[in-house]
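Q: Chains A and B supply the protein sequences, listed in that same order. Counting from 1, position 168 in the first sequence corresponds to residue 168 in UniProt numbering; the numbering is continuous, with no gaps. Counting from 1, position 98 in the second sequence corresponds to residue 98 in UniProt numbering; the numbering is continuous, with no gaps.
Since the hints were made in silico from the structure, they are not lab data. Worth double-checking, as some hints may not be accurate.
What the hints assert, rightly or not - Chain A is nowhere near these chain B residues, computed Cβ spacing over 10 Å in every case:
id: 1; residue: 66
id: 2; residue: 94
id: 3; residue: 96
id: 4; residue: 99
Claimed, not checked - Under 8 Å between C-beta atoms, here's a sample of chain B residues computed to sit facing chain A:
id: 5; residue: 7
id: 6; residue: 19
id: 7; residue: 41
id: 8; residue: 49
id: 9; residue: 52
id: 10; residue: 67
id: 11; residue: 73
Glycine is no exception: its CB is placed at the ideal position from the N, C-alpha and C atoms.
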Amino acid sequence: MTAQLAAYSTSTGEAVQFWILGTIAVIGALCTILMKKAVHSALCLAGTMIILAVFYLANGAYFLGVVQIVVYTGAIMMLFLFVVMLVGVTAADSLKETIKGQRWLALLCGLGFGVLLIAGIGSASLSEFNGIGQANAGGNVEGIAALLFTRYVFAFEITGALLITAAVGAMVLTHRERTERAKTQRELSEQRVREGKQLPPLPAPGVYARHNAVDIAGLLPDGTPSDLTVSKTLRERGQIRDVSQEALNDLRALEQRAEERLERKAIEPTTFKRPEEASK
Amino acid sequence: MNPVNYLYLAALLFTIGATGVLIRRNAIVVFMCIELMLNACNLAFVAFSRMHGNLDGQIIAFFTMVVAAAEVVVGLAIIVSLFRARHSASVDDASLMKL
Numbered sequence: 001m002t003a004q005l006a007a008y009s010t011s012t013g014e015a016v017q018f019w020i021l022g023t024i025a026v027i028g029a030l031c032t033i034l035m036k037k038a039v040h041s042a043l044c045l046a047g048t049m050i051i052l053a054v055f056y057l058a059n060g061a062y063f064l065g066v067v068q069i070v071v072y073t074g075a076i077m078m079l080f081l082f083v084v085m086l087v088g089v090t091a092a093d094s095l096k097e098t099i100k101g102q103r104w105l106a107l108l109c110g111l112g113f114g115v116l117l118i119a120g121i122g123s124a125s126l127s128e129f130n131g132i133g134q135a136n137a138g139g140n141v142e143g144i145a146a147l148l149f150t151r152y153v154f155a156f157e158i159t160g161a162l163l164i165t166a167a168v169g170a171m172v173l174t175h176r177e178r179t180e181r182a183k184t185q186r187e188l189s190e191q192r193v194r195e196g197k198q199l200p201p202l203p204a205p206g207v208y209a210r211h212n213a214v215d216i217a218g219l220l221p222d223g224t225p226s227d228l229t230v231s232k233t234l235r236e237r238g239q240i241r242d243v244s245q246e247a248l249n250d251l252r253a254l255e256q257r258a259e260e261r262l263e264r265k266a267i268e269p270t271t272f273k274r275p276e277e278a279s280k
Numbered sequence: 001m002n003p004v005n006y007l008y009l010a011a012l013l014f015t016i017g018a019t020g021v022l023i024r025r026n027a028i029v030v031f032m033c034i035e036l037m038l039n040a041c042n043l044a045f046v047a048f049s050r051m052h053g054n055l056d057g058q059i060i061a062f063f064t065m066v067v068a069a070a071e072v073v074v075g076l077a078i079i080v081s082l083f084r085a086r087h088s089a090s091v092d093d094a095s096l097m098k099l
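Required output: the full structure, derived from the provided sequences and hints.
A: Below is the structure:
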């Protein structure tokens with residue numbers, strides 16, 4: 001492996017790996033920005049990050065490859081998913097443009113930027129490669145540690161301060177100080193009466209419609225489903241199952257079955273008679 | 001294969017991330033695109049480290065990861081508190097300071 005990494009060019013195996021995984025990484029990145037739901041974006045990004053970890057390993061950065069999987073896909077992306085579940089599930093991304101033509105201009109800017117960047121790399125003279133074999137000779141982790149605790153030791157210390165500041169900052173930002181006294185149950189009930197809200201508990205979901213699943217709206221006497229019976233979260237997600245036509249469908253199925261039954265009865269005597277006729 | 005291809009891939013991923021920041025309006029997705037750009041930079045650092053045959057590039061990529069972790073913690077805390085205040089994660093709604 002180290003001999004290959006020290007080589008002037010890479011092996012065929014790595015080339016195959018690069019082209020296959022690189023394609024998947026680009027597709028994952030595109031899905032990240034094109035998927036409508038934030039959860040799907042997060043999962044696509046996690047896939048791209050895992051592929052990048054494989055690339056780090058292929059480039060001889062063994063420590064970084066493992067750290068990429070543990071820290072990025074393990075911690076950061078799961079934190080993202082956590083916040084998406086907390087915040088973004090009900091908040092769908094509206095597709096209406098607030099600034100006219102902004103999307104096309106953004107695409108144009110992105111395209112121009114990409115062309116500039118790639119042309120810059122293409123025109124740079126990057127023909128000489130040393131390979132990382134020699135630097136990794138004493139072990140990748142040992143080499144990184146030796147550099148980290150000698151030349152970069154001050155940056156490393158400052159990183160510790162940064163992490164502590166970030167942790168404290170996150171706590172300060174999400175902590176909410178209660179500025180007023182919490183209302184007692186009596187005050188809350190009096191407030192409900194004053195505001196004329198629904199006083200008794202909300203009606204149960206669909207038990208009166210011959211179902212007891214929570215995503216089925218209970219039916220009012222005239223057969224229309226009542227949204228009040230379904231939990232607010234399900235209502236906002238639009239996950240209410242409509243059962244107002246179910247009774248009619250059941251009746252139709254029953255009629256159909258009855259017809260089949262009657263037809264069979266009409267046929268059955270003839271089949272029974274046949275042996276009798278045969279005996280006669 | 002020439003290892004410069006890793007740089008091209010990094011440039012492509014960075015461009016996709018930058019375009020995503022411009023076209024998406026959900027703050028969480030915008031943040032994910034920023035992470036994608038940081039990852040693309042890391043890939044370029046690692047590729048450079050291999051080309052030049054020393055480990056400094058990997059050290060810088062390591063520091064980028066640490067800073068990205070700190071950034072994610074603070075950024076997501078800001079998004080959560082923004083969502084609490086405005087009941088929306090869209091970047092268009094945070095326009096209180098606009099003239």
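Q: Next step is simple, just say for each hint if it's right about the structure.
A: Quick rundown of the hints versus the structure:
1. 66: For residue 66 of chain B, whose nearest Cβ neighbour in chain A is about 5 Å away, the distance does not exceed 10 Å, so it is violated.
2. 94: holds, 13 Å
3. 96: holds, 16 Å
4. 99: holds, 16 Å
5. 7: Given a least distance of 5 Å, the restraint on residue 7 of chain B holds.
6. 19: holds, 3 Å
7. 41: violated, 11 Å
8. 49: Interface hint status for residue 49 of chain B: holds (6 Å vs cutoff 8 Å).
9. 52: Because about 6 Å separates residue 52 of chain B from the closest Cβ in chain A, which is inside the 8 Å limit, the hint holds.
10. 67: With a minimum Cβ separation of about 7 Å from chain A (threshold 8 Å), the hint on residue 67 of chain B holds.
11. 73: holds, 5 Å
In this structure, the earlier hints numbered 1 and 7 are contradicted, and the remaining ones agree with it.
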